[in-house]
Amino acid sequence: MGGEILVIGGGIAGLTSAVEASETGYSVVLVEKTPFLGGRVAQLNKYFPKLCPPFCGLEILYRRMRTNPKLKFFTNTEVMSISGSAGDFSVNLRIKPRFVNENCTACGKCKEVCPVEVENEYDFGLSKRKAIYLPHTMAMPFIYAIDEFKCNKCGECVKVCKYNAINLNETEKTLNLKVSAIIVATGWKPYEARKIANLGYGKFKNVVTNMEFERLASLNGPTNGKILANGNPINSIAFAQCAGSRDENHLPYCSAVCCLASLKQATYVREQYPNAKIYIFYIDIRAFGRYEDFFAKVAKEKGIELIKGKVAKVEEKDGKVLVTAEDTATGQKIHKEVDMLVLATGMQPSLAENPIAGIEVDEYGFVREKPGIIPAGVAMKPLDVMFSNETATSAALKAIQFAKR
Amino acid sequence: MIADAKFAKEIIQAGGKSLKKCYQCATCGVVCPQSPDENPFPRKEMIWAQWGAKERLLSDADVWLCHQCNDCSDYCPRGAKPGEVLAAIRAKVVEHYTFPSFLSKILRRPAGILVYFAIPIIFTALYLAIFTPEIPEGEIVLGKFIPHVHVELAGFAVGAWVLLVAAISAYRFWVAINSQVSKVYEYEVKEGGEIKVVKSSARFLEYLFWSIIDILKHSKFQQCNKAKYRFYAHFMIFWGFIVLGIATLGDIVYLYVLGYHELALPITDPVKILGNLGALILLVGSAWAIVARFSDQRIGYGTYFDWLFLATIFAVGVSGVIIEVLRYSGSVLAYYAYLAHLIIVFTLLAYAPYTKFAHLLYRALAYVWAKSVGRELKS
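If you're matching them up, the sequences are chains U and A in order.
Counting in my numbering, the first sequence runs from 440 upward without gaps.
Counting in my numbering, the second sequence runs from 16 upward without gaps.
Be careful, since some hints might not be right.
Said to hold, decoys possible - Using C-beta positions, here's what the derived DEER-type ranges look like: (1) Thr662(U) / Glu221(A): 52 to 62 Å; (2) Lys243(A) / Lys756(U): 20 to 30 Å; (3) Phe727(U) / Asp19(A): 27 to 37 Å; (4) Ile62(A) / Asn688(U): 13 to 23 Å; (5) Ile305(A) / Ser566(U): 49 to 59 Å; (6) Thr263(A) / Glu776(U): 50 to 60 Å.
To be verified - Calculated lysine-lysine pairs in the BS3-like style (CA-CA distance at most 25 Å, straight line): (7) Lys36(A) / Lys747(U); (8) Lys598(U) / Lys535(U); (9) Lys820(U) / Lys36(A); (10) Lys752(U) / Lys243(A); (11) Lys747(U) / Lys716(U); (12) Lys243(A) / Lys642(U); (13) Lys592(U) / Lys567(U); (14) Lys634(U) / Lys243(A); (15) Lys36(A) / Lys752(U); (16) Lys36(A) / Lys634(U); (17) Lys617(U) / Lys535(U); (18) Lys747(U) / Lys35(A); (19) Lys716(U) / Lys485(U); (20) Lys509(U) / Lys617(U); (21) Lys535(U) / Lys509(U).
It should be emphasised that the hints constitute simulated quantities derived from the structure, not laboratory data.
Quick reminder that beta carbons are idealized off the backbone N, C-alpha and C, glycines included.
Here chain U stands alone, though its shape is the one from the complex (with noise of 0.2 Å):
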């Protein structure tokens, strides 16, 4: 199989990367941890620069998948190792089981039967699924899952099914690929918020992150896409800035997209309650390149203050979350009273915590490229979505110079 392009990772970079590698007529291979593609741009409500719906932009790549017989991929599939150099590695691959076949038409009547309910980790355990699912109605692939550490075999669904997809005595597989080159997109994940202590993350129930924010306000979200703090309607809401970014203590660097996040999240507030206050309590606002005009537009805004002083002590009094700041500007100190306080936690790369032999990262868990391993999306740097799809498609050139035969 030599010359093929191997891509690792099913988030937004990942297919960009491979698609455009696979259109210029290379073999590629995406492997994807998960049992679905998409990865972390397919839990946002909107994403930057157009602040359109996920699944348009993820969508057009599953197509542009789909008509292309040089693109293969597979789901539910780990990289144990890599070993060997630029034009010549060899990769060994874990693809554990799914249990649930191509038969399946996705009719959800195994979903029905099961017994066992678990937090849904696409909703950052903000709602509950079945240990037989699908994430949501845009997944891909379009086939139901079992979670292999959650079921019991019970086999309640294998009676139900009528399409003879699902067998529960699959076992794990292992594969060995040969490949010239390795696009490396493994992605990131939010920085866990319990650990940055004065934040009240995981003490106050009304205190969420800003993925979990995205779920949200999300119409496939836990909360059918109504932003609500107790069930109720909010009337106040403050944005923390920097939650646990450009801090030693946690994440050194800059996020670099949580200050836009948290300005296209007031607007989510704006479009639901015309009359609810919003804060968004910052370091520095870094709106950067074009983005400027996005930030000058919300700023302006009515009822959006923004403060210049990171939020650093977080209490709750009746159900409501009590934060303080001194604000930089005044030199005063401002407590804010709100229904939600959403924390603009940073990016963490998957690597810091999950290596993979054979992928050198820095001291932060970013991956340093070297000849035939070509990072792309935020397993380079903290990026944007647009951002990561322009490095996706330079990984792609990149990565079929080494495979050119």
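Start from chain U and add chain A according to the hints.
Chain A alone, transformed into the frame defined by chain U:
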């Protein structure tokens, strides 16, 4: 406001090495358990220090309301260690206000350690040359070597000097923190555009009384979270001194009221017991403070100014105990230990206005000021 880059460098030299790392996120003032809502510290002090706003810092009572709990340094996202920077600023403030300024400049620098010991050693050598005391035979009785009255007279001389210098410092500092630049509230605009200048009230003595109560109880120190040890260690050192002071009064009563000729008291004597108790509390407190200073790289290991004072306190305690041990064991070395102890006690007391010991004065005045302008944190 005058920016003086040299002053910023001096703060860095005085131990505020991390000063320039601050990027003004203002976490510090919010996590600080001592900082009030209006014009909180230490964020503003950090930027003043970066700019070298000398005038502001020298007349800023807030740097003295800081007890270096280090909650700020613990949460600081940049490792800028505001706790250490404010300690360095305090060292500069003491240096600035203490008379004569050349002596305060010398003593604040590490090289000044030579002068620190040279002065008492020269005094001791002169004393030995003039009075030529001889090591007495027989039982160890310190008063036979150097008469108590000599030590007392030297003590009065040193005390008078210290009080004079401290009074000058206190006056200069008090004027500064009540001057135009010092006002936390730059001005207060009242109705009709009338500008109210905030100054300390006339009820100085009342506020001083409550400040002393706060000091005795360490009520501010108690609010610390990160460096809670500072409360316990400081409390022990402080009360160790007070117990030792009471024991010294007991000695004076023995000598001049009860007519004792000598103070070679047995270990069971009540005054001796009190003295030993004070020494023990002092030693444990200062040893604790020394050990705990090394506990966390993130909050820093203290400045020279801090270490000199802490080491001196510890040395006073240790040398005092050594004399006692030697005396009870009948060794004539006790007399030499006594000389060393007197030298160390001299450095502790005579330099008090120049060393960290002066914080007693500045912080007490800052307490009074804070109470008088209503800046005290309501708990």
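TODO: Take a look at whether the Cβ-Cβ distance between Thr263(A) and Glu776(U) falls inside 50 to 60 Å.
DONE: 55 Å, holds
- [ ] Would you mind confirming whether the straight-line C-alpha gap from Lys243(A) to Lys642(U) stays at or under 25 Å?
- [x] 24 Å, holds
TODO: Would you check the hint for Lys36(A) and Lys634(U), treating anything up to 25 Å between C-alpha atoms as holding?
DONE: Holds - the C-alpha atoms of Lys634(U) and Lys36(A) are around 23 Å apart, at most 25 Å.
Open item on the list: For Lys592(U) and Lys567(U), compute the direct alpha-carbon distance and say whether it is at most 25 Å.
Closed with: 19 Å, holds
Open item on the list: Against the 25 Å threshold, does the CA-CA distance of Lys535(U) and Lys509(U) hold or violate the hint?
Closed with: Measuring from Cα to Cα gives roughly 23 Å; hence the hint holds.
- [ ] Mind checking the hinted window 49 to 59 Å against the Cβ distance between Ile305(A) and Ser566(U)?
- [x] At 55 Å between Cβs, range holds.
Open item on the list: Check whether the Cα positions of Lys36(A) and Lys752(U) lie no farther apart than 25 Å.
Closed with: 22 Å, holds
Open item on the list: Given a hint of 52 to 62 Å, does the C-beta separation of Thr662(U) and Glu221(A) actually sit inside it?
Closed with: 58 Å, holds
Task: Hint consistency between Lys598(U) and Lys535(U) [alpha-carbon to alpha-carbon, up to 25 Å] - done: 23 Å, holds
Open item on the list: So if I understand the rule, the pair passes when the alpha-carbon distance is 25 Å or less; does Lys716(U) with Lys485(U) pass?
Closed with: 21 Å, holds
Open item on the list: Next pair to validate is Lys634(U) with Lys243(A); report whether the Cα-Cα distance is within 25 Å.
Closed with: 22 Å, holds
- [ ] Take the C-alpha atoms of Lys820(U) and Lys36(A), compute the straight-line distance between them, and say whether it is at most 25 Å.
- [x] 23 Å, holds
Taken one by one, the earlier hints all hold for this structure without exception.
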